[in-house]
Amino acid sequence: MTADGAAGAAASVGRRVRGFLLPPLPVARVAVLRRIVYAFVLLDVLWLHRTGGYHAYADPVWYEPLVAGRVLGLPAASVPLVLVVKWSCVVAAAVALTGRFPRLAGWTVALTWAWFQYIAFSYGKVDHDRADFAVALALLPTLAVAGAHDRRRSETAGFVLRAVQLTAIATYFLSAWAKLRFGGLEWVDSATMARAVVRRGTPFGRMFLDWPWTLHAFQYVLMGAELLSPVIFLLGERWRRRAVYLWYVFHASVYATITIAFWPHLVMMLAFLPLEEYRDRLRAGWDRRRDGQRRPSAGGADGDGAAHACVPPGSR
Amino acid sequence: MGGGGAAADSVAMAPGDDVVRLRPASVVWRVGLVAVVSTLFLAGALVGDDHWWPFGPWRMFSTSTPPSGAVVSMSIEVRSPDDARWRPTPITLESVGLNRAEVEGRIPQITADPVRLGTLARSHARLRPDDRPWTAVRLVRNEVVIVDRRPTGEVRHVVLATWTAP
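Residue numbers (our numbering), protein chains in the order written: chain D, 719 to 1034; chain A, 2 to 167.
All clues given are correct.
Across the chosen pairs, the derived CB separations fall in these ranges:
hint	chain 1	residue 1	chain 2	residue 2	range
1	D	741	A	91	46 to 56 Å
2	D	789	A	32	23 to 33 Å
3	A	93	D	1009	41 to 51 Å
4	D	821	A	157	54 to 64 Å
5	D	948	A	70	32 to 42 Å
6	A	43	D	741	21 to 31 Å
7	A	43	D	974	28 to 38 Å
Rough simulated footprint, nothing fancy, chain D against chain A, three-plus residues with beta-carbon under 8 Å:
hint	region
8	88–100
9	137–150
Just so you know, the hints here were simulated from the structure itself, not pulled from any lab data.
All of these numbers come straight from a predicted model, not from anything done at the bench.
Positions of the beta carbon are idealized from the N, C-alpha and C atoms, including for glycine.
Please build the complete structure, drawing on both the sequences and the hints.
This is the structure in structure tokens:
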């Protein structure tokens, strides 16, 4: 290959990498995602995942520092520490939700939320649904100006969305890898799902113990779906959305069976969807309904909306 | 940084183009960040463990359980000053400040030093000051026997460790 040819090939690869990692995507999409993410942080810290708060009451003998804690010298949980970290996170998320001080508030949320998770996970049990959310919190502040109605597309917005998408799909793909690493190839023929249902199954989930082959077959389906999850990046827009909906159906069925929901990860899967379009549709539907309710009360009592609004009452 | 067009690492849009593009340096640090974070996640998946969080392996439900055998779970039973009977009580965050999996992961430490169970009684007293205090706690291993993934109805209980208040 000539020097010009090599340079051309390198430039082509560079363009492809840039096109994949930094696709120009709507700024408004990140603006919507940002609001959902910071609203979720409030929900998560105050209600869904309060493990860290309870660890303040556990004896320090149960504290088992993670690598990050050993490197940073983080102490065991105490009531004052947990209160400071938790409420700093809540205040910062509330500020970030308003769109003010997006970088300061955003990175404060990222730091305090991660610390709160650290407190939760340094007592012997680590949840595996939160790494993609940490990536989102770290990157959202890089898009300092994100107007909810900004119709432009930007590479900064595209990078945030792509990074979240990649980590979200890594959650699936590397879960399959972990099954092969820790459970071996025989994982698909093991009784892992039956065990999960016996330990924490709902009445709905326990029904499947009467047809154990369903739980066995589900393990093949799960392994296949997780291994194939990266294919989502090759799909067109319509099928990509359908794939995301299918994952939501999968998570709903897991919740119905063993009451495990990967809440932050579910939020992260929204990064694949055209959120600004959904918002506009919701708003248009809301406006239509509101107009439909207003017009009859102004022009009559029949509630048939715009078509009748201009018609004199006497001619109806 | 920013996507609004006026930010320091973005370049102005070309006429007729609605795409705000990044300057080369901003592209480089982002691509570098992806490389570093991907390496950490892959290393965690290949050789890491839970202590690597957030880069540890995604290992929930990753172990293999034989189709026939016992499904094991732990529970605790407690005594109060006015009741000599052992009463089962759930291991929950709200009750003892730890969840069941966190206790289940420390069985060797508990059996080697049952005094650890006393810390659960103290945590319970702090979290539930209106409840009756616990004067003794014992850890029970519950085994639900399954054959071909189907519970047979046989459940075994084995006491692994007991702590009594001095």
